[in-house]
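Protein chains: 2
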Amino acid sequence: MAMTCSVTIRRARRDDVGIIVGMLADDPLGSARERLEDPLPPCYFRAFEALDADPNIRLVVAQDGEGAVVGCLQLCILPGLSSQGASRGLIEDVRVATHCRSRGIGEQMVQWAVAEAHTRGCKLVELLTHQSRVDAQRFYKRLGFQPSHVGMTLRF
Amino acid sequence: MAMTCSVTIRRARRDDVGIIVGMLADDPLGSARERLEDPLPPCYFRAFEALDADPNIRLVVAQDGEGAVVGCLQLCILPGLSSQGASRGLIEDVRVATHCRSRGIGEQMVQWAVAEAHTRGCKLVELLTHQSRVDAQRFYKRLGFQPSHVGMTLRF
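Each protein sequence line maps, in turn, to chains V and S.
Count along the first sequence from 1, then add 104; that gives the number in the numbering used here.
Count along the second sequence from 1, then add 104; that gives the number in the numbering used here.
This is chain V alone, in the form it adopts within the complex (with noise of 0.2 Å):
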């Protein structure tokens, strides 16, 4: 088994664009919509400019020891009047790279992820997880995630 590695969670910024957009791609359902390209298309930085823009959308980097970019994750604070008014956190987007998992990372995000979500007053975390991928919902049932909810998606 892998040992554990420790990350730092930082706030993304614009020079991250390229490597998480490279963990984006590097999916079986991810591959065949992203543009992995040198240089990168304008689409994504311009993506990440409204983004980081708003106060209340965290993308985040998960960074190891050597200052390497090992992991991604989007956290989106949703206002709303259900609940009495509280905000839902939105997960969505978490990736790790591939040389680096089993090792604790989606781990270390996804808990920074409902502690931050917490901190700002909402009483829900939710996130949408493809059918396919069974070892993810394992995952998130572990940390405490129930698959409560049908995930319905429409795609232009």
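Keep in mind that the hints are not guaranteed to be accurate.
Identical copies go unnamed one by one, so any copy, or any two together, can satisfy a pair.
To be verified - Computed cross-link-like contacts, DMTMM-like style, restricted to lysine to aspartate or glutamate with a CA-CA straight-line distance of at most 20 Å: (1) Lys245 <-> Asp142; (2) Lys245 <-> Glu153; (3) Lys245 <-> Asp197; (4) Lys227 <-> Glu196; (5) Lys245 <-> Glu211; (6) Lys245 <-> Glu220; (7) Lys227 <-> Glu153.
It should be emphasised that the hints constitute simulated quantities derived from the structure, not laboratory data.
Bear in mind that the values here come from a model prediction, so they are computed numbers and not experimental data.
With chain V fixed as given, assemble chain S onto it according to the hints.
Okay, now just chain S, sitting in the frame of chain V:
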């Protein structure tokens, strides 16, 4: 079969908050979570102000020909890096007043949200619906949504 009721979808106002909370509370899952009191607890108005100030969030109501509010829906437009930096639309808190169900009101609201998400550059619209809401799942499938994901939640 009940007639279709054509509704106007408009942005929610502060004076709609009471009726929206009434619809959220009038639900097997929502009734235990809300505080439908007179006057309404200030937490709901604080949440309304937060979401109303957020350009990425649209809380809308459906209004019938006589001006009565008979439904609500919240759409969040979420920027992100994945899918070439496309935003995602997240639909939440869809409710139709009990006495107005089966008249196409939910469909008109969801179609509005899908069109709005498309206009705002989303490539994907997503939502979570509780496993127990089998009718809702059938409804969303009819509107083109796929039950592609597991919706996982952690409640504090």
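Hint check results:
| no. | hint | result |
| --- | --- | --- |
| 1 | Lys245 <-> Asp142 | neither (38 Å within a copy, 39 Å between copies) |
| 2 | Lys245 <-> Glu153 | neither (33 Å within a copy, 34 Å between copies) |
| 3 | Lys245 <-> Asp197 | within (17 Å within a copy, 24 Å between copies) |
| 4 | Lys227 <-> Glu196 | both (17 Å within a copy, 15 Å between copies) |
| 5 | Lys245 <-> Glu211 | within (11 Å within a copy, 33 Å between copies) |
| 6 | Lys245 <-> Glu220 | within (19 Å within a copy, 34 Å between copies) |
| 7 | Lys227 <-> Glu153 | between (28 Å within a copy, 18 Å between copies) |
In summary, the numbered hints that this structure violates are 1, 2.
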